[in-house]
Amino acid sequence: QLQLQESGPGLVKPSETLSLTCTVSGGSISSNSYFWGWIRQPPGKGLEWIGAIYYKGSTYYKPYLKSRLTISVDTSKNQFSLKLSSVTAADTAVYYCVRHTTASYYSDYWGQGTLVTVSS
Amino acid sequence: QSALTQPPSASGSPGQSVTISCTGTSSDLGYYNYVSWYQQHPDKAPKLLIYEVSKRPSGVPDRFSGSKSGNTASLTVSGLQAEDEADYYCSSYAGSNNFAVFGTGTKVTVL
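Residue numbers (our numbering), protein chains in the order written: chain A, 1 to 120; chain B, 1001 to 1111.
Any given hint could turn out to be false.
Now the stretches of chain B that chain A is said to cover, found in silico as 3 or more residues with beta-carbon under 8 Å [as the list claims (entries may be wrong)]:
| no. | stretch |
| --- | --- |
| 1 | 1049-1063 |
| 2 | 1084-1095 |
| 3 | 1098-1110 |
Have a look at the derived ranges for each label pair, beta carbon to beta carbon [to be verified]:
| no. | chain 1 | residue 1 | chain 2 | residue 2 | range |
| --- | --- | --- | --- | --- | --- |
| 4 | A | GLN5 | B | GLY1070 | 36 to 44 Å |
| 5 | B | LYS1055 | A | ALA89 | 32 to 40 Å |
| 6 | B | SER1054 | A | SER86 | 37 to 45 Å |
| 7 | B | LYS1055 | A | GLN112 | 18 to 26 Å |
Residues on chain A that point at chain B, a partial pick, calculated with CB under 10 Å [as the list claims (entries may be wrong)]:
| no. | residue |
| --- | --- |
| 8 | GLN41 |
| 9 | LYS45 |
| 10 | GLY51 |
| 11 | TYR96 |
| 12 | ALA103 |
I should point out that these hints are in silico values taken from the structure, not numbers from a laboratory. The C-beta atom is built at its ideal place from N, Cα and C for all residues, glycine as well.
One chain only, chain A, in its complex shape:
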């Protein structure tokens, strides 16, 4: 059974960089059938897709985050990562890593989510 697990600091200071890693187990990240993405949910609010990566390194970012966002992949560790720079309180959210199908982009597997709070 495929599993995704987010890891990283739960507290980040304003203006610093938020860094999260998603470890994929039970399957290979190096599949041509999937993208690997990040979705976030501010407390009490809705879902927002922020970006995704293909195992060969192609990246896809939400336009307004593109200047602050970097998603990378490490196939040797079966992991992919998110870095969001210059964070503000508006970036406080539960961050989910997900698997998207390349056929029609839905997210069939989700990590449990990790809350990242931006605060001094």
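Once you have looked at the hints, place chain B on chain A.
Chain B alone, transformed into the frame defined by chain A:
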């Protein structure tokens, strides 16, 4: 890219049906047949219920069904059960810079 529009709430008694609408534009939901629906219980990750407008993943009861007409998609939950009480989100592919534009979310209450 604005969020898709869903009613904030819906409700029904056990055994009844409830339908949730999801309205987008001709650039997202109306253009692509890549509409999916997710169920989210409190403090849990969303779970895929429907993909490609009307297909159900293995393990999702056939009480959940999806459809689409023009710029509006719908999710119907038939035979409501207590465990169906949750938040529901629609989603549509909207291009390579937006794999998923989500709906505003609907809280379903089982009376």
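CB-CB spacing for ALA89 (chain A) and LYS1055 (chain B) relative to the 32 to 40 Å hint: holds, 39 Å
Verdict for GLN5 (chain A), GLY1070 (chain B) (Cβ pair) under range 36 to 44 Å: Because 40 Å falls inside the window, the suggested range holds.
Interface hint for LYS45 (chain A), Cβ within 10 Å of any Cβ on chain B: This interface hint holds because 8 Å falls under the 10 Å limit.
Consistency of beta-carbon spacing, GLN112 (chain A) to LYS1055 (chain B), with hint 18 to 26 Å: holds, 25 Å
Residue hint ALA103 (chain A), partner chain B, criterion CB-CB below 10 Å: Hint on ALA103 (chain A): holds, closest Cβ of chain B at ~8 Å, below 10 Å.
Restraint outcome when GLN41 (chain A) is required to lie within 10 Å of chain B by C-beta distance: holds, 9 Å
Hint validity - GLY51 (chain A) Cβ closer than 10 Å to any chain B Cβ: Hint holds; GLY51 (chain A) Cβ to chain B Cβ min 8 Å, cut 10 Å.
Assessment of proposed distance window 37 to 45 Å (beta carbons of SER1054 (chain B), SER86 (chain A)): Roughly 42 Å apart at Cβ, these two residues keep to the hinted range, so it holds.
Per-stretch coverage check for the stretch 1098-1110 of chain B, three Cβ contacts closer than 8 Å to chain A: holds (count 8)
Chain B contact restraint for TYR96 (chain A) - C-beta distance below 10 Å: holds, 6 Å
Three-residue Cβ test at 8 Å for the coverage of the stretch 1049-1063 of chain B by chain A: Three-residue rule met by the stretch 1049-1063 of chain B, so holds; n is 3.
Per-stretch coverage check for the stretch 1084-1095 of chain B, three Cβ contacts closer than 8 Å to chain A: Answer holds; 3 residues pass the 8 Å Cβ test.
The structure shown violates none of the earlier numbered hints.
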